[in-house]
Amino acid sequence: MNQDLSIFALVAQASLIVQLVMAALLIVSVASWSVIFSKLFGLAKVRKANDAFEQDFWSGRNLNELYQGVSNKVPEAPLARIFAAGMREFLKLRERRVTDTGAMLDGARRAMRASYQREVDALESNLSFLASVGSVSPYVGLFGTVWGIMHAFVGLSNLTQVTLATVAPGIAEALVATAIGLFAAIPAVIAYNRFARQIDRSAITLETFIEEFSNILQRNASQPAQGA
1 MNQDLSIFAL
11 VAQASLIVQL
21 VMAALLIVSV
31 ASWSVIFSKL
41 FGLAKVRKAN
51 DAFEQDFWSG
61 RNLNELYQGV
71 SNKVPEAPLA
81 RIFAAGMREF
91 LKLRERRVTD
101 TGAMLDGARR
111 AMRASYQREV
121 DALESNLSFL
131 ASVGSVSPYV
141 GLFGTVWGIM
151 HAFVGLSNLT
161 QVTLATVAPG
171 IAEALVATAI
181 GLFAAIPAVI
191 AYNRFARQID
201 RSAITLETFI
211 EEFSNILQRN
221 ASQPAQGA
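Okay, so the sequence shown: first residue is 1 according to my numbering, each after it adds one.
Hints were generated in silico from the structure; no laboratory data involved.
One should not assume that every hint holds.
As the list claims (entries may be wrong) - The following label-pair restraints were derived from C-beta to C-beta distances:
#1 106 - 194: 15 to 23 Å
#2 194 - 215: 26 to 34 Å
#3 132 - 219: 23 to 31 Å
Unchecked claim - Subject to a maximum C-alpha distance of 30 Å in a straight line, what follows is the list of computed BS3-like cross-link-like pairs (lysine-lysine):
#4 73 - 92
#5 45 - 73
#6 73 - 48
No experiment lies behind these values; they were computed from the predicted model shown.
The beta-carbon is built from N, C-alpha and C at its ideal position, and this holds for glycine as well.
Make the full structure from the sequences, and use the hints.
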């Protein structure tokens with residue numbers, strides 16, 4: 001009598017522990033894909049917003065006008081938020097009649113660095129989840145496989161005659177857990193590596209902007225307030 005060795009049949013015939021492992025891995029896989037698509041579109045949106053703001057910034061607009069435009073709305077670009085943080089602190093110190101150029105620049109730089117850290121933290125959100133899925137899922141699947149094989153061999157101990165036909169279904173059921181673990185882990189690892197590279201490039205862009213904007217503020221520090 002031929003046994004049904006389809007995936008669905010193997011899952012249905014597996015022991016309760018193995019089924020729970022498979023269910024957990026499938027839930028994690030769905031959550032992982034949700035994070036992957038969210039990150040994919042989110043990072044693309046950030047890159048587009050940064051490019052648009054950078055083009056506006058280097059177009060020669062007056063800094064005060066640009067700051068007013070950014071302050072009147074919630075900017076989407078991390079570059080715009082960093083610019084707003086630095087410009088806000090710079091203008092605040094200037095209004096307080098701070099004459100020390102170094103103090104003004106240090107204050108603006110500290111504000112931009114704090115904003116930079118918040119932006120990088122936001123870009124890296126849920127990245128650790130993908131790393132955990134990629135590293136842990138294969139071991140969880142392996143646990144399900146080992147448990148399933150143990151369960152299969154315990155069942156075989158009650159048989160007087162063991163053949164390949166009696167061994168194969170139990171082992172196949174157990175191996176499905178490893179397959180699902182790899183199904184969850186491989187996309188997570190690939191996505192993590194890709195997103196980590198993109199975030200590193202974005203972080204470099206933000207740091208470069210901080211340095212360039214600091215140089216601009218240094219040139220403007222000795223000018224009157226309306227000349228910024």
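Evaluation of the provided hints:
One distance hint, 15 to 23 Å for the beta-carbon pair residue 106 and residue 194, is violated here, with the actual separation near 37 Å. A beta carbon spacing of about 33 Å between residue 194 and residue 215 agrees with the range 26 to 34 Å that was offered as a hint. Evaluation of the 23 to 31 Å hint for residue 132 and residue 219 yields a failure: the beta carbon distance comes to about 46 Å. Of the supplied pair hints, the one linking residue 73 and residue 92 holds, its CA atoms being roughly 19 Å apart against a limit of 30 Å.
For the proposed pair residue 45 and residue 73, the alpha carbon gap of about 17 Å is at most 30 Å, so the pair holds. A distance of roughly 18 Å separates the Cα atoms of residue 73 and residue 48; the hinted pair therefore holds under the 30 Å criterion.
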